[in-house]
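Read top to bottom, the protein sequences are chains A and B.
So in the working numbering, spot 389 of the first sequence is number 389, and the numbers just go up one at a time.
So in the working numbering, spot 62 of the second sequence is number 606, and the numbers just go up one at a time.
What the hints contain is simulated information worked out from the structure, not anything from laboratory work.
A hint or two may mislead.
Taking CB as the label site, the calculated pair distances span [claimed, not checked]:
no. : chain 1 : residue 1 : chain 2 : residue 2 : range
1   : A       : Gln163    : B       : Thr686    : 19 to 25 Å
2   : A       : Pro518    : B       : His724    : 33 to 39 Å
3   : B       : Arg656    : A       : Gln430    : 52 to 58 Å
4   : B       : Asn606    : A       : Phe282    : 56 to 62 Å
5   : A       : Phe502    : B       : Thr723    : 31 to 37 Å
Given the structure is predicted, the values throughout are model-derived calculations rather than measurements.
The beta carbon of each residue, even a glycine, is placed where N, CA and C say it ideally should be.
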Amino acid sequence: MQNQCAGLEEAFESLGFLSIFFDISCGFVILFNDPFAIMFVVLAAFVGIVFGALPGLTAAAAIAMMLPILIAYNDEIGGLAGLAFLYVIGKSGRYGGSIAAILFNTPGTAASAATMQDGYPMTQSGKAGKALKTATVASVYGDYFGEIVLIFGAVWIAAFTRQFGPPENFAIYLMAFVVIGSVVSDSIIKGIISTLFGAVIGLIGEDIITGQFKMTMGIDELESGMALVPLLIGVFVISEVIIQAEKAAKVKMTEMARDKMDDPTAHYFTWGEFKRCIPLMFRSSIYGSLIGMMPGLGSSVACFVAYGEEKRKSKKKDEWGTGIVEGIAAPESANNAVSGPSMIPLLTLGIPGSTIAAVLIGMFLVNGLQPGPTIFASEPPLFMGGQLISPREFIFGIFAAGLIGIACYALIGYFAAPFIGRAIALLPTQYLYPFIFMTALAASYSSRASIWDVGFALLFGVIGYAMRRTNFSAAAFIIAFVLTSSMEEAFRQSMIISDKGFLVFTSFEYQGKFSYAPIFLMIGAAVVLFRAWTSYRARKTDAT
Amino acid sequence: MHFAKKVVTGVAAATAMLASATAMADYPAKPIKIMVGFSAGGGTDTTARGFASYMHEAPSMNGMPAFIVNLPGASGQKAAKAVLDEDADGYTLYMINIGTFIAGELAKGDDRPYHIPEAFVNLGCASQLVTSLQVHTSNGATNVEEFVANAKASGKEITWGTSGAATMHATIGHIFFDTHGIPHKKVPFKGGSKARAALVSQSVEAVFGGVNTVVGFEDDIRALASAGAERDPMAPDLMTFKEQGTEGIDFTGLMCLFGPAGIPEEVQTDVGAAIAHIADLKGYKRYMGKNDLASFYTDAAAATAAQDTMFDVMGPVVAEIIANQ
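Chain A on its own, in the form it takes in the complex (with noise of 0.2 Å):
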């Protein structure tokens, strides 16, 4: 495989071009020779779209679901495919939430709550297909503009973060737990307290320097840590199943006015609207593109930043909420930009920005990457399909997938939207979600082949169920739990390393070098202080 771009190399050296043009036709070049690999890109584009559409299952459920039997399978269907399959997902399931926000008033995801706003009323003017085009055109817009990010940004800040240590990681990790807490949830101590528990949570298993097992209550099970796939699992699938189940209503997907649907455009997102739409998309995968590079921050929170900026700088205000194309594209093209950029705190520092990177993570580790600012280097070489690969090539591998995978949602979207939103509203929900438990638990028992984790699934299912009654944050949970043993083992690093003590964190120097965790430690501190302004600023606005 290396040779193959080599070749490629030479092509791009003569021509002058930058490596960043050699690194991603070289990541196309090793897509394209993976039959597999393209066949779970187009398959992902598909289960992506259809779980996100389900109201209440996301692209995290699809994937805690998918990810036992990836790993199981990994050198079968080779580590390409297996992590294409999860990245995509992650963006079509994101696109995949509009379709239940426009045709059932119900966000297929978190992430397309402020889709609903638009997209609802026009279907129920009879416009549903403008509403679908509408979000896919904004959806792939956001999406390129995100992985263009990601594909020119990663490397970059990689090279940067070469220069990190524990210092550094400790107070990276500790900017992120404050933002997520702070951020994430509608209420500040709700995230705070959502994200504690998953710091407690993370802390259980072995201690890093001393080898001692910590809270694991003598259960065997417990000494490696609770797993990632059966808390998955539980706070994503099993409490949405028991959310179904407390319904025991069928979701109906709404009729559409037929009668109104004389308007020849009603299908259609035309020229016009589109190039009106330009701009507005373009602010709005800044937006999500910056809050992806946060982490912690996700899709939900961009979409509604893009969608209360968009309205704001509107000069027809009022017309928002109403059933405009508008009120579809900011959100749309917000939270899909998210998707790539999003991957860069997980490639450059082995941080995951989002619930679905967190996931990833797993996923490098079984194919012996380990995600952190050291990726992006040439060797050593990885073994996979027969060949030998670099990291950088396997990741450059990844971002082509990224590239393939929104061109196979936006085909799919474009043209089958309505029927797969039918044929969601066909499906008997007293079948499917009992069947979806059902997976759930074997997917639980076969990670580890344990029932204890089937257990554990249980158990996060119900803890999972209260935390969404009761608006605390699953995401922020997740994220803090994934993050909190790397913080440890950060945090007791930097104790060996300083003769400050605790000092360390705070100075601009250790080792003789330069320190930059006194800034990311100032930037936390500020979110958290501007978010404490925010919601004062917000209550006395509501008190008066």
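Dock chain B against the given chain A, drawing on the hints supplied.
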């Protein structure tokens, strides 16, 4: 009646033996799991992945593949214990270099969770991990003498990283600093790749890690010396500690495949034959070469003898480290 009972018992025993023999003849009948006690990207993981990729090509493996499961923690002991929890049927094996395996056990002292010669069977080795002293390229030292002189002149503790609290690399680090009377403090990381990242970021002043971890990072990392009685064939220009005047570091870590005690003789034979076959494959050699690791075969008997010797060599050193902690 007595006769009939004997016949029934005999037939049952014969059937069981036949079934067992058939099962063994079919070994392996499913993919083999190779546990790795360190995170992805380090020397052990890299070797195990390369080895596993060729497992299905060994005639004694019936075309069955092997897959890797990383379970980092406690310098590889967590994964070792996980192997012992599985059935001794040859479908869960453990790859680690014997130096780190032994150091991990010794570091636990009386709390050791197992005694390797009793709990595990060494099935043979397909490579070796050679420890090296590494510094950042901004460091002025280009050899051991200069490193020691600079360290002593600084008058402070040298902070050094390694792939775990009680690995072969860590043991060699302790021997080195104590031999030269240099005050030092060790920073354990979860695997060689993370220790390397700490050196690249200059968060530690030195690292004791595999020679192979320098590959691809030559702009950032400089190896000053390698362990072993002879120079590492994959880094022939790198002088050994012994050549540079530091005694007591003339051992390397044979990278071996272990099974839990009680593993059937037939499995030992088949896996041993597979190790010999893979170590000789051109593709495997090329892969290992790309990672600056040597591929060579050491049979189970020779590997077990080397293992016993390392217990003798490393035992007193590790005991001293524990006593001084």
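Consistency of the hints with the structure:
1. A:Gln163 <-> B:Thr686: 19 to 25 Å: Holds, since Gln163 (chain A) and Thr686 (chain B) (Cβ atoms, about 23 Å apart) stay within the stated range.
2. A:Pro518 <-> B:His724: 33 to 39 Å: 35 Å, holds
3. B:Arg656 <-> A:Gln430: 52 to 58 Å: The hint (52 to 58 Å, Cβ to Cβ) holds, given that Arg656 (chain B) and Gln430 (chain A) are roughly 56 Å apart.
4. B:Asn606 <-> A:Phe282: 56 to 62 Å: 58 Å, holds
5. A:Phe502 <-> B:Thr723: 31 to 37 Å: About 34 Å separates the Cβ atoms of Phe502 (chain A) and Thr723 (chain B), which means 31 to 37 Å holds.
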